[in-house]
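S.K.: The residues making up each chain are set out below.
Number of protein chains: 4
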Amino acid sequence: MSNKFGKALSLTTYGESHGNAVGAIVDGCPSGLKLTKKYIQNELDRRRPGQSKLYSRRKEPDEVEILSGIFRDQTIGTPISMLVRNKDAESEDYEEGILRPGHADLSYELKYGLRDYRGGGRSSGRETVGRVCGGAIAKKLLSITNTKIIGHVKSIGDIVSNPSLEYIKKYAEKNPVKCGDPEIAEEMKEKIIELKKEGDSIGGIVEVRILNPPIGIGEPVFDKLESELARAIMSIGGIKGFEIGKGFESSKMRGSVLNDPYRFERNKLKILKNDAGGVLGGISTGENIVLKAAVKPTPSIKKSQKSVDIRNMEEIELEIEGRHDPCICPRVVPVVESMSAIVIADLSLRAGKIPKDKVN
Amino acid sequence: MSNKFGKALSLTTYGESHGNAVGAIVDGCPSGLKLTKKYIQNELDRRRPGQSKLYSRRKEPDEVEILSGIFRDQTIGTPISMLVRNKDAESEDYEEGILRPGHADLSYELKYGLRDYRGGGRSSGRETVGRVCGGAIAKKLLSITNTKIIGHVKSIGDIVSNPSLEYIKKYAEKNPVKCGDPEIAEEMKEKIIELKKEGDSIGGIVEVRILNPPIGIGEPVFDKLESELARAIMSIGGIKGFEIGKGFESSKMRGSVLNDPYRFERNKLKILKNDAGGVLGGISTGENIVLKAAVKPTPSIKKSQKSVDIRNMEEIELEIEGRHDPCICPRVVPVVESMSAIVIADLSLRAGKIPKDKVN
Amino acid sequence: MSNKFGKALSLTTYGESHGNAVGAIVDGCPSGLKLTKKYIQNELDRRRPGQSKLYSRRKEPDEVEILSGIFRDQTIGTPISMLVRNKDAESEDYEEGILRPGHADLSYELKYGLRDYRGGGRSSGRETVGRVCGGAIAKKLLSITNTKIIGHVKSIGDIVSNPSLEYIKKYAEKNPVKCGDPEIAEEMKEKIIELKKEGDSIGGIVEVRILNPPIGIGEPVFDKLESELARAIMSIGGIKGFEIGKGFESSKMRGSVLNDPYRFERNKLKILKNDAGGVLGGISTGENIVLKAAVKPTPSIKKSQKSVDIRNMEEIELEIEGRHDPCICPRVVPVVESMSAIVIADLSLRAGKIPKDKVN
Amino acid sequence: MSNKFGKALSLTTYGESHGNAVGAIVDGCPSGLKLTKKYIQNELDRRRPGQSKLYSRRKEPDEVEILSGIFRDQTIGTPISMLVRNKDAESEDYEEGILRPGHADLSYELKYGLRDYRGGGRSSGRETVGRVCGGAIAKKLLSITNTKIIGHVKSIGDIVSNPSLEYIKKYAEKNPVKCGDPEIAEEMKEKIIELKKEGDSIGGIVEVRILNPPIGIGEPVFDKLESELARAIMSIGGIKGFEIGKGFESSKMRGSVLNDPYRFERNKLKILKNDAGGVLGGISTGENIVLKAAVKPTPSIKKSQKSVDIRNMEEIELEIEGRHDPCICPRVVPVVESMSAIVIADLSLRAGKIPKDKVN
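Protein chains in written order, with our numbering: chain A, 194 to 553; chain B, 194 to 553; chain C, 194 to 553; chain D, 194 to 553.
Among the clues, some could well be false.
No distinction is drawn between identical chains; accordingly, a pair holds when it is met within one copy or between any pair of copies.
What the hints assert, rightly or not - Derived DSS-like pairs (lysine-lysine); straight-line CA-CA distance at most 25 Å: (1) Lys362 / Lys231; (2) Lys382 / Lys363; (3) Lys252 / Lys390; (4) Lys389 / Lys499; (5) Lys549 / Lys362; (6) Lys463 / Lys495; (7) Lys463 / Lys496; (8) Lys466 / Lys496.
Think of the hints as simulated: they come from the structure by calculation, not from any bench.
Work out the full structure, taking the sequences as your base and the hints as a guide.
M.R.: Right, dumping it as structure tokens:
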């Protein structure tokens, strides 16, 4: 197990889906940052289940308790420990020997022998609570550099949206699918309801834009900006692909088209377009950073699947009951944002781009 | 800068394109591994320029010298230092103030102020020499677990190949584009020659398959197998996207289709297909690991581009002369293989899957 | 701040003296280790204040709650999160602007600007609760290799004991000063009571012996066994010196005397004495590891000291009231043991000396 | 093996005593630092053998070659690779099966099975060449904060010197024993010559003072300043003890005596004495940092010792010929300085105390 992420700013998470609690420790946050429980709670609320009929019915209040690192609503430079208790765990929905296809049941069984099978244990989406706690702090820290991190659901299955940045800002948080285009959001919603009825699930693409990032962050050759972002985001459960800028489309393009040209504008260098997605050679140029994550369909489906029970050594036809999201994309948005925020904050601190005297 | 990769097995690289040398240090390799200079040289030769008219004409012998860590053709557990001198550097092709679009010239200038502008310095593709040196050792180490790592060029621009594993093994090393389908290889070759004539460049997709990987490697939740692979491969210059298994295609799929079902076969668990790409919840299942990397077109093109000279503060139309590959995909293949090998070897050591007593 | 220790087995701690809680997360513990709350509680109880009139009167039950990582009294390979709430904090004893000589008040003020001044905040001895939680797990893990870690108070001021290993095992836990020689223990006790009456404090030396350590642990050249031990133990508050084997005495010795000679005994190599303290060139030889830590006198004393109040910018004569130990050595014993255990367990895992199949 | 030290500024070393070369890579040095080969060579020359009849007769020119990271005599932010070839290696002095008491021969044999037995291989004092290369860069970096690092031999056997800082500055580099008191230096010299005649060796104490260190460096609770220094210095071959400030003497002292009191002087806080050795709670206060390292006597002695030949499985009486120093203390001085410099520079960078814009 390896449950720490980041070098200058680090996030450590713990907790199983049906254990006592999930939580996070953020270490390396400069002292003097104004930080309230309410700020963190707001971010957590964006991830919480039970908000809409599109989501899991698990009813977790997900109330965060701050155990250390904050004094009089300010960070003091010591580790910030945050705790969220598990409340509404229905363990009877899970059976010990059954391997759910597409889940980590098999691989945890192979690696650890022994596992907390209830709700997937550590491999549950509930693990991301800690990531969002950490992301909240990173976002607050990045407010010092006026850096904003905005995510939205770009596509669900083959329903694709192409909203402008203005639209994303305006609409993505206003609909339960977190799509930046309100009309396409409706389409997505219907699709998800349809799949729910069928007892099936669907994947999608989450896009995150990092606006006004610090210039010159990213540490070649192994901790490049895109490398750290890829690592962070591919570590989220259910993510199968990552791209930055034009991503896989680049593979079909010519250099003469993809290269972003330079000009001067009032003696200041200007990059004429941003197909690179804000990064050259692993270092931010100051342009907005644009990344996408491919989210697979929820593996928990009601539809019958071929599987096995390894305790009883028998083959089964599995129909997963329980309270699962037919599409996890909307709830993945704050998680991808959070991991992006942690990477940007960590690399910014490493590059000296968040001067300690600016914090308070 | 952050030039070390890996925890149990680590690779540190150094060197600029037109400096004295490039090189690598591998630390953490168990003692007793049979390792000759010739073995490493073979891998380096696969990456070397000047092998075909498709590639750069830079003529580097790229001869490796082993400085430490090997005694009587065996590793002794101490760091293995490998050195490759730069010989055929034509520095006069580069001008100090010119920012080449799509290159790291701008971002290095912004981050470091001062830079070795000759050939891109540290941001040059020449940096990958060290990666291939490290990859050679990782591959040798993985021979203990009978793990093989095989790469090929899946597509160039919109020319896509779909070779079987047998075809890849048989043909990918036999043609200069490293394509597993000999007919499509011809097409690709022509495309590249055409672009070269036009003074332009093209991207492509490199696929790597890791055959017979150790079971149970990958360290959730932050050093998951796909997360470490993504990080490693996205750290290679010119890579804009990464996917594992069905990758971005997953985003369009239903759970009932994507999930890989289980059955028993002679009392042994069998996974009926491998859309997951060999990994569940960040841990290897033992199925082949399949990953893809999106390679952008070489930014160095002869075609005229809008750019600037920041020393003279003037706008220019840039036509890059010099000895550049119109498509770097074939030469990227051993690099993606190398980084994959290092990740697999590192995670295998961390999981105790390369028992020290098996090494010698 | 840097609150994580260890590579294969890691300990992260958090918490301030008068905040909500102190706690620890242990990551990297193999799955299948039998571990109960009671086992951890026993170790914590050895460190707890209020046990004797020699110690602080602060009455902390120090009850540990396990939040994750344990299922059915066994580890499952996921991070083990442990929480201890602060109960008996008398914050009114502390004043914000006063810098207590010998404490970290000044340096925290200089580094962080803002600090939780109550009871020293993060720099309090209370921080070691998390270390002891982690040490308990490391000790349990080392039971697999039959490695035992035994500490005792070797000296208090100039009262020095020289107990045999048998005496240490028999007597050190039986007296409040944790001295291995019961007669000298009485002397030490009287000394401490005398100093308490004077409102003064005294230092001492804690010795830890690691019995039957795994052979071949320690990673030259920078993570040598003695180097990791020194780092771990010097990170404990109030420790000013570290030595291994003959330590500083070695500096006065001749090679012909200090070198430990070799012989064969029934064809097995035998080391004729152990002045090296169980380590050669940074690697364990299998002999018992013997280390000492110099503990400074508690800086909190009732006797008047010259100091300053930086809020009011005035010079003061400070008499520290409150519930302080006149000699912290006895309570430091389990902490030095814990840090030693973590180092040995971590290095043992890194060297493959705790095979996963032996754990359960 | 673990051959990297440091987080923000890191040193990686490699090389065996009788292999092709020893060397070092420094990563994380900010760009723009003026750095010439000559500067590094000067530091190396202070460590070189063959300078006096007190030292080994091995005649190594120890000429450093810079392979990367420097352009036009300035650092460019990329890894600085430095190479020193081994020239005067007399391998015939060593026999494969013989375990030299006090050396790492036994422990390397136990850990790695296979080893380069010639001259101790990686465990040789020659390994410190890389440390001194790294230390040179760290020292240069610290010149930006006006921090100076000065070492001297405080004692040889029971001959102890107590020079003032002025004396150390004036005399320590002027005599072959590097003692700050010229009269005692003579005594030490005679002692060493006497031991050489007897075929024996002797230990000593090296003291290093870090003058005008940056304020507020050190990262509690695990990367405290004294913890990192201890780790760094205990990783040097032959060091058996470490102390800071009053060190082991503290264990005999009372709080009322050891605590350093505070006063104001022209409204500026003043620490009235420096028994703490420049550090409180793991963080520098700005006072000079004072540390000591206990150096054991060279294990290579001509005097007959009981040992074994594990190839021939026979007991032997060993008389070590070869070119060994009867006392390594003088040559250890630049090594302890170097490791101290790396720690201070690393922690200073981590604390933002070497602003990048001050570098060039």
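S.K.: Each hint should be assessed against the structure and marked as holding or not.
M.R.: Here is what the structure says about each hint:
With identical chains, the CA atoms of Lys362 and Lys231 are at most 25 Å apart within one copy only, with a shortest distance of 22 Å there and 52 Å across copies. Proximity of Lys382 and Lys363 under a CA criterion of 25 Å is satisfied intra-copy only: 18 Å inside one chain copy versus 48 Å between copies. Proximity of Lys252 and Lys390 under a CA criterion of 25 Å is satisfied intra-copy only: 21 Å inside one chain copy versus 58 Å between copies. Taking the shortest alpha-carbon separations for Lys389 and Lys499, only the intra-copy value of 20 Å comes in at or below 25 Å, while the best inter-copy value is 52 Å.
With identical chains, the CA atoms of Lys549 and Lys362 are never at most 25 Å apart, being 30 Å at best within one copy and 36 Å at best between copies. In this assembly of identical chains, Lys463 and Lys495 lie within 25 Å of each other by CA distance solely across copies; the values are 22 Å between and 53 Å within a copy. Taking the shortest Cα distances, Lys463 and Lys496 sit within 25 Å of each other only across copies (21 Å), while inside one copy they are farther apart (53 Å). Only between protomers do Lys466 and Lys496 lie at most 25 Å apart by alpha-carbon distance; the minimum there is 18 Å, versus 46 Å within a single protomer.
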